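**Q** Please build the complete structure, drawing on both the sequences and the hints.
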Amino acid sequence: MVEVNITINGKRYTSNVEERLLLVHFIRDIVKLKGTHIGCDTGHCGACTVLLNGRPVKSCQVFAVQADGGEVLTVEGLEREGKLSIEQEAFIKNFAMQCGYCTPGMLMITYYIIRKYRNLSRDEIRDKIHGNYCMCTGYVQIVDAIEYAHKKYWEGKS
Amino acid sequence: MRANTTDEALKLLEENEDAKVIAGGQSLIPMMKLRIFSPRVIIDISKIKELNYIRVEGREVRIGALVTHSEIEESELVRENIPLLSETASNIADLQVRSLGTIGGSISHADPSADYYPTLLALEAKVCKRSRKSGKTCLPISDFIQGPFTTKLERDEIVEEIVIPKYRGIAYYEKFSIRKADFALVNLAMILNYDKGEKLLVKDFRIALGSLKVKPSRLIGLESKVKNSEFKDFKSFSERLLMLYDEENVEFQSTIHGSSLYRREVSKTLISRLLNRMVNDNG
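Chains as they are written, first to last, in the working numbering: chain A, 1 to 158; chain B, 1001 to 1283.
In short, the hints are calculated from the structure, not lab data.
All values derive from a computational prediction rather than experimental measurement.
Hints are not guaranteed to be accurate.
The list that follows gives simulated cross-link-like pairs (lysine-lysine, BS3-like), each with its CA atoms no further than 27 Å apart [what the hints assert, rightly or not]:
| hint | chain 1 | residue 1 | chain 2 | residue 2 |
| --- | --- | --- | --- | --- |
| 1 | B | 1047 | A | 11 |
| 2 | A | 116 | B | 1047 |
| 3 | B | 1152 | B | 1049 |
| 4 | A | 93 | A | 151 |
| 5 | A | 11 | A | 34 |
| 6 | B | 1235 | B | 1203 |
| 7 | B | 1203 | B | 1227 |
| 8 | B | 1199 | B | 1152 |
| 9 | B | 1126 | B | 1136 |
| 10 | A | 34 | B | 1033 |
| 11 | B | 1033 | A | 32 |
| 12 | B | 1180 | A | 116 |
| 13 | A | 116 | B | 1049 |
| 14 | A | 116 | A | 152 |
| 15 | B | 1213 | B | 1180 |
A short list of chain A residues far from chain B (calculated; beta carbon distances all over 10 Å) [unchecked claim]:
| hint | residue |
| --- | --- |
| 16 | 83 |
| 17 | 112 |
| 18 | 156 |
Glycine included, every Cβ here is placed at the ideal spot set by N, Cα and C.
**A** Given below as structure tokens:
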């Protein structure tokens, strides 16, 4: 067992964990934030995507000890004071989900790419989210939503 | 166990028989989940600051083993001095994997279809490794790679840095996989330097392939057949090259994802696609 300190959505969590514990299990089973989903558990589907120190990672492919001292943002950290984030609103407005299982991961990759890239064509969006699988929508509405969120985000900046 | 310096990491490696080094873990963790590896001890080197740098020294760019694919993709230094490497890094897996995966990890792991190998072979890069016994040793990447998942890295060594000569000429990287983030069925890098007067004089030509049966390699024989030769134009050069490539009968690996024969057919398409890009970009 080893002690790890991980800040999740601005709050610091300290826990003694097994060295082999994955970050996604730290988030779901120790901190009890169930928004981050486990989809394939093989590093393909991206449902478990969170931001670690500002970059998107698949939390089922990181040991909790590797995130020691780091900062994590999960889907629960998007909403501020009861107000939905740009990403969440964009997904609702564009019906960008059916079963919703991939949505937390999709929202986190959206959060990252709309801030990271000033310009994003639909093709570029598809390229950036190829680490996130959606088995329902066929991606069209998801790309719509990301395009919408990107526009809103940069409108707010100017 | 965590190492905070290279020395600490090497000491831990010496002391622990059944230890495996982890950097980004983007290959190791999936393999552990599949029980392909079950190391008793894992040494986390990801926090070692002295292995995380990109430096230009003279005609070379030196990249520390712990630099991630995203950092390489985004680095201005790399883009200015070796654009082929930026392009290659941006083709690795997906954004999430690139956030954590490192160049040292990819080189040490030596997956047959790893993206870096064709590019680093074409650029004639060197790999520098270190052990407590023999200190730092650097060797050409073509010697470092031995076969699928096999390198000259000893049990008590870690990769310290990759040293890459600057190259700003015409260079391309291309790969084919069924789905974007899958392992490449075929991947290759190509470099061309020419003079164009009445005719096209090929001054330098390099082609390196991954996903091969033995190990990622340059096709030195093929290269020498076109080097210092004159061609009527780009079109006749590419026709000749494709013909010569066909004669090489390159052997690819055969896996459930694709047979050797299938991969060879795909490679012809990829090569002619790259040659077309060359013609379009350079007239």
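**Q** Assess, step by step, whether the Cα of residue 1180 (chain B) is no farther than 27 Å from the Cα of residue 116 (chain A), and give holds or violated.
**A** holds (21 Å)
**Q** Compare the distance between the alpha carbons of residue 1199 (chain B) and residue 1152 (chain B) with 27 Å, and conclude whether the hinted pair is satisfied.
**A** Roughly 43 Å separates the two Cα atoms, so the pair is violated.
**Q** Mind checking the alpha carbons of residue 11 (chain A) and residue 34 (chain A) for me, to see if they're no more than 27 Å apart?
**A** holds (16 Å)
**Q** Hey, is residue 112 (chain A) genuinely clear of chain B, shortest beta carbon separation above 10 Å?
**A** violated (7 Å)
**Q** Keeping to a limit of 27 Å between CA atoms, is the pair of residue 1203 (chain B) and residue 1227 (chain B) held or broken?
**A** holds (6 Å)
**Q** Within 27 Å, alpha carbon to alpha carbon, are residue 1152 (chain B) and residue 1049 (chain B)?
**A** Holds, at roughly 24 Å.
**Q** Between residue 1126 (chain B) and residue 1136 (chain B), is the straight-line Cα distance small enough, at 27 Å or below?
**A** Holds, because 12 Å separates the two Cα atoms, which is no more than 27 Å.
**Q** Hey, residue 1213 (chain B) versus residue 1180 (chain B), does the alpha-carbon distance stay inside 27 Å?
**A** holds (22 Å)
**Q** Has the given pair, residue 34 (chain A) with residue 1033 (chain B), been kept, meaning a C-alpha gap of at most 27 Å?
**A** holds (22 Å)
**Q** Would you mind confirming whether the straight-line C-alpha gap from residue 116 (chain A) to residue 1047 (chain B) stays at or under 27 Å?
**A** Cα-Cα ~24 Å, so holds.
**Q** Given the hinted pair residue 1033 (chain B) and residue 32 (chain A), is their alpha-carbon gap at most 27 Å?
**A** holds (23 Å)
**Q** Please verify whether residue 1235 (chain B) and residue 1203 (chain B) have alpha carbons no more than 27 Å apart.
**A** holds (17 Å)
Hints 8, 17, counting from the list given before, are not met by this structure.
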